[in-house]
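With the sequences and hints as input, model every part of the structure.
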Amino acid sequence: MNDIRAESAAFKTRLSAEAANARQMAALQLACGIDLSAALAAGEEERSKLVTRLQRAIERERLKGLRRHWSYDLNRHIALKQLLDRLVSRGRPQAEGGCA
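Per our numbering, the sequence shown runs over residues 1 to 100.
Treat the hints with caution; some may be incorrect.
In silico DSS-like pairs for lysine-lysine, Cα to Cα no more than 25 Å straight-line [unchecked claim]: (1) K64 to K81; (2) K81 to K12; (3) K49 to K81; (4) K49 to K64.
Using C-beta positions, here's what the derived DEER-type ranges look like [as the list claims (entries may be wrong)]: (5) L63 to D3: 44 to 54 Å; (6) L66 to A6: 38 to 48 Å; (7) N2 to L40: 46 to 56 Å; (8) F11 to Q55: 32 to 42 Å; (9) R67 to A10: 41 to 51 Å; (10) E45 to K12: 23 to 33 Å.
No wet-lab data here; the hints were simulated from the structure. Backbone N, C-alpha and C define an ideal beta-carbon position, used for all residues, glycine too.
So this is what it looks like as structure tokens:
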């Protein structure tokens with residue numbers, strides 16, 4: 001019985017991760033015209049350029065929200081921020097033995 005619960009939990013986790021990846025992929029493509037897989041595989045210099053573009057896109061989205069613009073989308077804003085965190089953390093080395 002525990003195996004079924006463990007498999008169910010793993011399935012839900014994987015499904016949630018895939019949904020988050022799809023949201024981030026769509027937000028990045030729509031807001032910046034950048035392919036997510038290419039962004040994640042980019043070198044250090046290219047990644048820093050992408051981070052700068054993402055920061056600007058997030059700032060534009062934030063300004064739209066402050067002005068209550070009709071095209072503001074909170075979900076897009078969240079997805080862009082999650083993607084920025086993902087790109088920045090990919091560039092940093094992982095700490096040994098600790099939580100990241």
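We went through each hint and held it up to the structure:
For the proposed pair K64 and K81, the alpha carbon gap of about 15 Å is at most 25 Å, so the pair holds. Taken as a hint, the K81 and K12 pair is honoured in the structure, with Cα atoms around 23 Å apart against an allowance of 25 Å. Distance check on the hinted pair: K49 and K81 sit about 16 Å apart at the alpha-carbon level, within 25 Å; holds. Under the criterion of a C-alpha separation no larger than 25 Å, the hint pairing K49 with K64 is consistent with the structure, at around 23 Å.
Separation of L63 from D3 is about 50 Å and conforms to the stated range, judged on CB atoms against 44 to 54 Å. Between L66 and A6 the beta carbon distance is about 45 Å. The supplied range of 38 to 48 Å therefore holds. Take N2 and L40: their Cβ atoms lie about 35 Å apart, and the range 46 to 56 Å is violated. Taking the beta carbon of each, F11 and Q55 are about 35 Å apart, inside 32 to 42 Å as hinted.
At roughly 43 Å, the beta carbons of R67 and A10 sit within the given window of 41 to 51 Å. Here the CB-CB span from E45 to K12 is close to 38 Å, at odds with the stated 23 to 33 Å.
Against the hints set out earlier in the document, violations occur for numbers 7 and 10.
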